Amino acid sequence: MRTTQVKPRVTETTTAWRHHHILDIDDFTREEIELVFQTTRAMKEVLSRPIKRVPTLRGKTIVNLFYEPSTRTRLSFELAAKYLSADVVNLNAQVSSVAKGESLVDTLGTLQALGADIVVMRHSHSGAPYIAARYIEASIVNAGDGWHAHPTQALLDLYTLYEHKQNLKGLKAVIIGDIMHSRVARSNIWGLTTMGIEVTLCCPPTLLPLGLGGEQLPPVKIEPNIELALDKADMVMTLRLQRERQKSGLLPSIREYIQLYQLTEARLARAKPDALVLHPGPVNEGVEISPAVAHGTQSVINEQVANGVAVRMALLYLLSGSQKQ
Amino acid sequence: MKSLLIQGGRIIDPSQGIEAIGNLLISEGKISWRGKGEEAPPQPDYDTLNAKGLVVCPGFIDLHCHLRQPGDEEKETIASGTRAAARGGFTTICCMPNTNPPLDNQTAIEFIKSRSASEGVVRVLPIGCISRGRKGEELAEMGELTLSGVIAFSDDGEPVPSSYLMRQALDYSRAFELPVIDHCEEKALTEGGQMNEGVISTRLGLRGIPSAAEEIMVARDLALAELTGGRLHIAHVSTEGSVELIRRAKEKGIKVTAEVTPHHLTLTEERVIGYDTNAKVNPPLRTRQDIKALIQGLNDNTIDIIATDHAPHTEADKLCEFDLAPFGISGFETALGSLMSLVHNGEISLSTLVAKLTHEPARIIGNKYAKLGTLAAGAPADVTILDPNLEWVVEPKAFASKGRNTPLAGERLKGRVMATIFQGRLVYKDGSITVKEG
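Chain order of the listed sequences is A and B. At position 31 of the first sequence (counting the first as 1) the number is 31 in my numbering, and the numbers step up by one without a gap. At position 199 of the second sequence (counting the first as 1) the number is 199 in my numbering, and the numbers step up by one without a gap.
So here's chain B without its partners, still in its complex pose (with noise of 0.2 Å):
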């Protein structure tokens, strides 16, 4: 493969605490040279990719995604799925194990491995697991499972219901050092809900999930995983006290993690009225001092990760009575527009942004597979290139995903990803960037 220099970028990585105008030189796959200002690359031969006026920063990583693949693949499948992570601007994700069947047995991880590598076009590394079939009654083997190559466990979509089970799968995991990861809701107090209880709930006659039912899991969770010594990761936290309770874990040292997607940062739950049931999801959009409190999280670093949760449905699925849809966003494909307009609003910084999709969860992941989340010499050239100041409207129907639910239809957003490499290669252009051969 020929070398591919990406010219006159501002390449964002904070693995190193880099922000400045460069060149980068891809060589192999991997990332062979950054070259400050104007600097002329050590060799003469290599394509040229004009970068200027964009972001040159390390390919984001999505710990939570949903692939739907096997047994829902009019949802989406490996294909669909790491194309619409490619114009996402993801070059590694993390599917859920919630599949049909689940992802519980090295056979299963050996078929996710082999498709993704056969007709995926960007890393999928998979999750197993906690709990055989996804049924909270009794461990899956977890050993057998990390063997397979999974990089954490998580029986997301559920919670782990039996305090018991989840004392045994934080301390079993130690010996593996791979996190656990839950989908905090506590179902007796959920059962039925279909978006945040509060005073829109109220007022369109429909069954609230409080916040209470996500902190009680989490601070469940926290005391656990004092008690095992266990790596505990909290999915999509969407509350304030949620929020809170895990900044305290962390000053007190309990070793904890945690992520919040897109649309619990941006969106609210007025978006449900008019029953729009491509806003729901769970835990459901809340409100805006939630998100207040989010955004805190992630500025003082409580929460240390964006990760989608892309949930794809087929719209059959979302075209009916609001209690009746499934939860879930369709979110590759909008995550950086969405999350851009919080860089735009001066909440959070371009730098902080970056960071969260690309060098915290690579430290989640750890170095075992490749060294990820890095435009360091010698690291795989997981590259994305984006522009943030392009205004653009989300259609759904342009989506690679299969799933076009997304709340988002229509709106304009700031913030667009123009080009995504996956290990040297171009997995995903948009019309405007041009590649010059050298």
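Extracted from the complex, chain A is given alone in its bound form (with noise of 0.2 Å):
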């Protein structure tokens, strides 16, 4: 691990940084994503020093607006602006329905109020901090949108295959599960493909948004069957399976979505040897993961959640130098 200094090597990079707000990965260029890589590298070195705390954001005061239940993200974010030596606050809201109750816009008017520099903004919404992001001065990060958006996530997930495989042009990614409903998946594809991996979909037809495969959205290739799609694969991601998908009638059984698209270590067998496998949790192991694959040698799901601290530290501290545009 290098021992880089944390501030005057970040400053020196601050200047290519454009965002105010983390909303989506689909406006990062290559380079950007390579920046947030640097500054992660640089976050992680803090981790391990024996007291790991920066004055870096000592003043600022960071929000985590959760409006979805949300455990390993929020604690995420939390650990992650403590380190920087931010002020945190959590707030746990609730969905204003459409009759009434506080709406979304005056709950960031009153953040806006009481002076927060960022909003961690976690949504059941598609679009929430979109809408968020044109009321409010603070900066927004999304932390996951509807089925829309976990740009967060991406960036950790790309940064542990980052870790591993240092190149990643060329790179065969396969996406194991429900896809429609996967705001990480949404995201993971338009991070993989940016950095210049190939990307596999894999999943029942009718888990599969429309348009993917086609021309107007990232190049990704779909093969519904399993084991095609794990061929020579460098990274394999299974994908939660919520309960509901069967109730809605979208699968015929659990049992059978099991049996048909279920990570096995004989299936991944025919990934490569050194393939790694991702999962963004929480995971149902027995459902879209063997509790083999999910606890085996080639399975990085606790490194994606030590790095996301990291990644987190590694935005907040890039957005904390921003403007609003």
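Incorrect hints may have been included.
[What the hints assert, rightly or not] Here are the computed lysine-lysine pairs in the DSS-like style, where the Cα-Cα straight-line distance is at most 30 Å:
| hint | chain 1 | residue 1 | chain 2 | residue 2 |
| --- | --- | --- | --- | --- |
| 1 | B | Lys368 | B | Lys135 |
| 2 | A | Lys165 | A | Lys52 |
| 3 | B | Lys187 | A | Lys247 |
| 4 | B | Lys414 | B | Lys429 |
| 5 | B | Lys397 | B | Lys318 |
| 6 | A | Lys247 | B | Lys135 |
Hint data in this document are derived by calculation from the structure and do not stem from the laboratory. Here the structure is a predicted model, which is why all the values come from computation and not from measurement.
The two chains are supplied separately, each in an independent frame; assemble them into the complex guided by the hints.
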């Protein structure tokens, strides 16, 4: 591990940073993603110190505004902010009904008045952070919105891959599972393809949204057969399958899904021997992934969690120097 | 009331096949005389409105709008809605019955008529419900509604989900010769849908509304219209497939008419990018390919008319998460400006546009209440005067409508209504128009 000093290292490069908000990864260039990698590496060094704290964001106020339950993402952002010495408050809000209650825009107005510098937002409705960004001076970090995007997750997935493989261009990634309802899949498709990685999506056709695999979206291959999809893969990501997909008629049964799409050791053997197994969590062991694979030598699921804190530190740091455009 | 001479305008009246420079005289609330070129009127005493360089046509007729009264007066009222209509050049508007309570009985229709007479500035013709309470379960009293003065039946906002009920509605209404207007949407395919299903819904992570949901219902309704011989009118056609289905039905002689909105003719699903809730409308904005088919449908008369589906909402209604925002665009005051882009691009002729806003909707309504959509002598003096080339910027705050929900805010449109005359009275006039007393 390189022992670079956080401060000088990063100030050099913030000039290339043009994001005031992090809403999605689809407007990140390859160079910007590399800048996040570089900054994350510096943050990992901080995390390896006996006292994991730097004064970088002292005096800054970060609000975790969560409209949807979340354990690991909220915890990850909270720790990231604390390690950078920011003041953090958590606000677990309820999605206001169409009827009344405080609206999203009102809540943001309140946070603005209270002096929030960065608002980390998780919301069950796609696009909510975009609406938020129109009504607040503070930076908005999208910590997951509906089916739409989860950019910090995609960046930590990419960083985890980068740590192991260094050169990402030309690698082969496979994403297996419920693409339709997955913001993680959507953000990863943008991030992986931006880095020149070949992406194959593997899922029942009822869980594949329209247009993917076509010309108007990032180039991905569609392969519903898991054995074929996994062939010579460098990275395999499985997605959580929610039981309600069966109830809404998208799948005949979870049993059949397991039969056709579970990532097992036998299936993983078709990928390259050094292929990495990722999962955004929380894992449904025995459904989308077998326990043996989830806990196997190729699994980097715990590294993803650890890297998540460093990536979020990097992003909070980069944002703290930005201005509203 | 003193006579008014509209002088020197280009008169376009598709009902009489007229497109020529001339003078138009209005007396006693009716069209009394039309002269070619500079021909002088047969009487000496009149005020003069100089319309040189402007287009003079019959007042626009909108077969589909939402006035929100009774029930949602914070969104719109008959007073505000009719003023917005006047600013948009509309002199006759047909209001949908999805109010609260809905317009499914004589008393409700009487309320609309009396409020329109006392507070409205243009003609309001109500549409009655197809089903009691708009519940899609049993027929509303269509006969009594007809006697109260409705011009059509619709459960708009919702489709008629039961094929059985739709069959009865088309059949029963034959006795009154009024059209049944259906909002074509197969709900099983649109549950939770927010926008057109396609590449952009995938990108934005919004639940899609597939074209098939509309087309399935259009196909069903056409089959039922054929079965019953009833008069069917398809509201807000938005897809290429629907246009094709209606075209084939017309070839077979099925009694069907259809409408398209200005927004479906001019805006695509790309407007939703950035989660603009003002671009959330049902049916959703579709694709360029659909727009092409809709324009072709207008030109070959597969689509009979243009109707606004004016659907006002408050700012608070739309200032929220995309999934939670109501559907609808406030359309009266931008309709002409939007539609003129089709004329300027050479996609439809100005006379076709005027026909689709005047003579054609008048044919669907019929002559029961007045001779509408024409400048023929003796007809009510409903006249719209427009400048096809005037450029202006859409400022929702200047709307007469309470609904400022337009995706066109801040955009430059070319073509503007300059004056609207309803039964001989100027109900709207741009500041640049002057009337010289004679």
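Hints, verified against the model:
With a C-alpha separation of about 29 Å, the suggested pair Lys368 of chain B and Lys135 of chain B falls inside the 30 Å cut-off, and the hint holds. As the CA atoms of Lys165 of chain A and Lys52 of chain A are separated by approximately 27 Å, the hinted pair is consistent with the 30 Å bound. Annotation: proposed proximity of Lys187 of chain B to Lys247 of chain A holds, straight-line Cα distance about 18 Å (limit 30 Å). For the proposed pair Lys414 of chain B and Lys429 of chain B, the alpha carbon gap of about 18 Å is at most 30 Å, so the pair holds.
The straight-line distance between the Cα atoms of Lys397 of chain B and Lys318 of chain B is roughly 15 Å, inside the 30 Å bound, and the hint therefore holds. This hinted pair checks out: Lys247 of chain A and Lys135 of chain B have alpha carbons roughly 27 Å apart, not beyond 30 Å.
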